[in-house]
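Below are the chains, spelled out letter by letter.
2 protein chains.
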Amino acid sequence: MRPGSGPPRYEVIGIAGLPEVRPGADLARLIVETAARQSTPLIGGDLLVVSQKVVSKMEDRIVRLADVTPSPVALAMGAGLGRDPRLVEVILRESRRIVRMDQGILITETHHGWVCANAGVDQSNMDVDSVALLPEDPDGSARALRDRIRTLAGVDVFVIIADTFGRPWREGLTNVAIGLAGLAPLRSYLGERDPAGRPLQATILAVADELAAAAEPVMGKLDRIPAAIVRGASLTSSEEGSKPLLRDPARDLFR
Amino acid sequence: MRPGSGPPRYEVIGIAGLPEVRPGADLARLIVETAARQSTPLIGGDLLVVSQKVVSKMEDRIVRLADVTPSPVALAMGAGLGRDPRLVEVILRESRRIVRMDQGILITETHHGWVCANAGVDQSNMDVDSVALLPEDPDGSARALRDRIRTLAGVDVFVIIADTFGRPWREGLTNVAIGLAGLAPLRSYLGERDPAGRPLQATILAVADELAAAAEPVMGKLDRIPAAIVRGASLTSSEEGSKPLLRDPARDLFR
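Residue numbers (the working numbering), protein chains in the order written: chain A, 75 to 329; chain B, 75 to 329.
Any given hint could be a false lead.
Label-pair ranges, simulated between beta-carbon atoms [stated by the list, open to error]:
1. Arg-325/A / Gly-91/B: 35 to 43 Å
2. Thr-225/B / Pro-97/A: 55 to 63 Å
3. Pro-146/B / Pro-146/A: 48 to 56 Å
4. Ala-324/B / Glu-94/A: 39 to 47 Å
5. Thr-143/B / Ser-262/A: 30 to 38 Å
6. Ser-145/A / Gly-119/B: 52 to 60 Å
7. Thr-225/A / Gly-119/B: 58 to 66 Å
8. Asp-326/A / Arg-170/B: 19 to 27 Å
Covered, in the sense of this in silico footprint (three residues per stretch, anywhere, with C-beta under 8 Å from a C-beta of chain A), are these stretches of chain B [unchecked claim]:
9. 83–94
10. 167–179
11. 219–227
12. 231–243
13. 247–258
14. 299–310
It should be emphasised that the hints constitute simulated quantities derived from the structure, not laboratory data. The beta carbon of each residue, even a glycine, is placed where N, CA and C say it ideally should be.
Chain A extracted, bound-state conformation:
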């Protein structure tokens, strides 16, 4: 423990009871007001983690499958995968590359560069026959939320837009960051030395993903808790957005 101070610690607080988010809603205001109502108003330096789903709803990134005409490719792929060809069509439109297609699973690289199942297109927590796409520019969405919160509440917060992605080799989804405002996504120990004097090589931590993951356990899928406050964590300010989290395909052994 450092003398004169306590151990490092931080808190994660769900923002519970947000009303249903409609296209064009003032999501920042809903978050600010709901956090205040539960006696945990946002304060300067808080990290706000917001579910991709409510951002997509606010931005009207919703597609009704009834309005989608699948292309011949989507029809063939849907038949092969045992999936609704209209959904496959939407996924293909959101993708720039197919990474794997097997066992009913479609893993693609989105236009942003994220590799995930179904290009992030999601049917849960949606009206029947509607699907939600990822925000078009999640970093821009995060910055807009931060700016609007500054205007409304007079506080500077960090923002992460998060989604739950699967990963190879391990079961279960984890929350990861797909959009950032204000914080550095990576923390690097490159060039530093450990207590034995040995250079720490290639120790780069994805703190934005770790804090997105930290927020998930209080963000109920069923309880309308699409946002959480991470309070007291040590963060590095940066405007670089989420792009440093994307691995250069040339250095990726798995696509």
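Mind docking chain B on chain A? Use the hints.
Chain B alone, transformed into the frame defined by chain A:
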């Protein structure tokens, strides 16, 4: 917010100032005493996240490279990868399968079934020319820590042994669970329905990995903070250990 209660929340507290852990050390006692000394004694229901490194040191899972004679295979692979053939030899001994070998990177499946770089063999935070192997049975290590803490402090805690692993497609390491005692590693929404009445399909969250990740930001690589308390998170009791986090290779599109 649920009436009569606050929002869901939990806290993450680093256990700072642990002395250097030697083979045979009573790690549980060091943790209990250090936590008490910083005025955050362990209490029942806490989740204790412990770095693999100190568990490996306690269990003497240390190999001096000077004592290792590389096999011809390790010599050839080391030359191809530009890596110390003695280190390659140790990695191969800890592996049951090579998943990828390219660009100086060796990704293998360990005898436990984890897929990670270098079979988890780690040179950082070690004496020069020594490397640390993963614990032989991380679930057993977690149970032993839990049992010893119950004896010493009279409290029942959950335990995760965590290590920082890389992952495909995304830059940066994140902390993940490799050993568990007391908690269920996965939380499933299978068969439940979202507020629109639509069945939530395939929504299984890897809460153990998310909480391991949550602990990392307070576990300094350089500050001798190899353990953290996660206090107040909603956990499901289970004795199934970490195995449910391993994806069945037959259902894995990336090995």
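Checked hints:
Range check, Arg-325/A to Gly-91/B: about 38 Å between beta-carbon atoms, so the 35 to 43 Å window is met. For the pair Thr-225/B and Pro-97/A, the supplied restraint of 55 to 63 Å holds, since their beta-carbon distance comes to about 58 Å. Evaluation of the 48 to 56 Å hint for Pro-146/B and Pro-146/A yields a pass: the beta carbon distance comes to about 54 Å. Evaluation of the 39 to 47 Å hint for Ala-324/B and Glu-94/A yields a pass: the beta carbon distance comes to about 41 Å.
Range check, Thr-143/B to Ser-262/A: about 35 Å between beta-carbon atoms, so the 30 to 38 Å window is met. About 53 Å separates the C-beta atoms of Ser-145/A and Gly-119/B, a value consistent with the hinted range of 52 to 60 Å. In this structure, Thr-225/A and Gly-119/B break the distance hint of 58 to 66 Å, their C-beta atoms being roughly 41 Å apart. With their beta carbons about 24 Å apart, Asp-326/A and Arg-170/B fall inside the hinted range of 19 to 27 Å.
Check on the segment 83–94 of chain B: 9 of its residues sit with their Cβ under 8 Å from a Cβ of chain A, so the three-residue criterion for coverage holds. Coverage of the segment 167–179 of chain B by chain A holds [criterion: at least 3 residues with CB-CB distance below 8 Å; count 4]. Three residues within the 8 Å Cβ limit are the bar, and the segment 219–227 of chain B against chain A gives 0, so the coverage statement is violated. Given a C-beta distance limit of less than 8 Å, the hint that chain A covers the segment 231–243 of chain B holds, as 4 residues qualify and 3 suffice.
Counting residues of the segment 247–258 of chain B whose CB falls under 8 Å from any CB of chain A gives 4; the rule of at least 3 is met. Given as covered by chain A, the segment 299–310 of chain B passes the check, having 3 residues with a CB less than 8 Å from a CB of that chain where 3 are the minimum.
Comparing the model with each earlier hint shows violations of hints 7 and 11; every other hint is respected.
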